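Engineer: As you go down the protein sequences, you meet chains A and B in turn. Residue numbering for the first sequence follows our numbering, starting at 92 and increasing by one per position. Residue numbering for the second sequence follows our numbering, starting at 1223 and increasing by one per position.
All the pointers check out, no bait thrown in.
Derived DSSO-like pairs (lysine-lysine); straight-line CA-CA distance at most 30 angstroms: (1) Lys1264(B) to Lys133(A); (2) Lys1300(B) to Lys92(A); (3) Lys1318(B) to Lys133(A); (4) Lys1264(B) to Lys1279(B); (5) Lys1279(B) to Lys92(A); (6) Lys1318(B) to Lys159(A); (7) Lys133(A) to Lys92(A); (8) Lys1300(B) to Lys133(A); (9) Lys1305(B) to Lys1264(B); (10) Lys1279(B) to Lys1305(B); (11) Lys92(A) to Lys1305(B); (12) Lys159(A) to Lys1279(B); (13) Lys133(A) to Lys1279(B); (14) Lys1264(B) to Lys92(A); (15) Lys1264(B) to Lys1300(B); (16) Lys92(A) to Lys1318(B); (17) Lys1279(B) to Lys1318(B); (18) Lys92(A) to Lys159(A); (19) Lys1279(B) to Lys1300(B); (20) Lys1305(B) to Lys133(A); (21) Lys1264(B) to Lys159(A); (22) Lys1318(B) to Lys1264(B); (23) Lys1300(B) to Lys1318(B).
Just so you have them, the derived chain A footprint on chain B, three or more residues with Cβ under 8 angstroms: (24) 1252 to 1258; (25) 1267 to 1280; (26) 1324 to 1337.
Note that these hints are calculated values from the structure, not bench results. Computed from a predicted model, the values in this text were never measured in an experiment. Note that CB positions come from ideal geometry on N, CA and C, so glycine has one too.
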Amino acid sequence: KQEVTQIPAALSVPEGENLVLNCSFTDSAIYNLQWFRQDPGKGLTSLLLIQSSQREQTSGRLNASLDKSSGRSTLYIAASQPGDSATYLCAVVGGTASKLTFGTGTRLQVTL
Amino acid sequence: EPEVTQTPSHQVTQMGQEVILRCVPISNHLYFYWYRQILGQKVEFLVSFYNNEISEKSEIFDDQFSVERPDGSNFTLKIRSTKLEDSAMYFCASSKDGSSYNEQFFGPGTRLTVL
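Could you put the whole structure together from the sequences, leaning on the hints where they help?
Structural biologist: Put into structure tokens, the structure is as follows:
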């Protein structure tokens, strides 16, 4: 059974810092990995999708990497802003089904 | 930009009552999902739906739950007799097709409170 873990559970950084969020998964037989943003009490906004054959994806200040063999992904946020404050979730699709298995999330606070 | 919509945003019901949560997936998508998130816990998969039938369901999706695509645009989740532990945020998602390589797009969620 796939298990997805995210470290750290919470992170507070001053504005302007670059930061890295970590995601690990137990079964490396995945099809893709998605990173989401969730604001308090709100829905899930898809940030980046990395296919299993890819090593990284970039969107603006965000860069996600994938090391399938070691079961790890990182989300790099450059020049963080207070508006980046949210919970970041990673989720993987694996096996024969297309369902997403989610991690517990990292709650990010970017302070002024 | 096309998006998944869900109604209502918040539903309060008494234990034992039936509720129907509604979703309008992105119009050219063919694969639909329901997930839920109990407060403070992980987002969990409930069910996937394609071509008017369930493709996969989790252990959570027992006989109290059902899904339906009543027309060409809506996708619904029905809980027949709600329990206190059904209180959660329910998310609908859709993807272009059932390929495991496709991105899933989520709606804003319906917060269900069972009293």
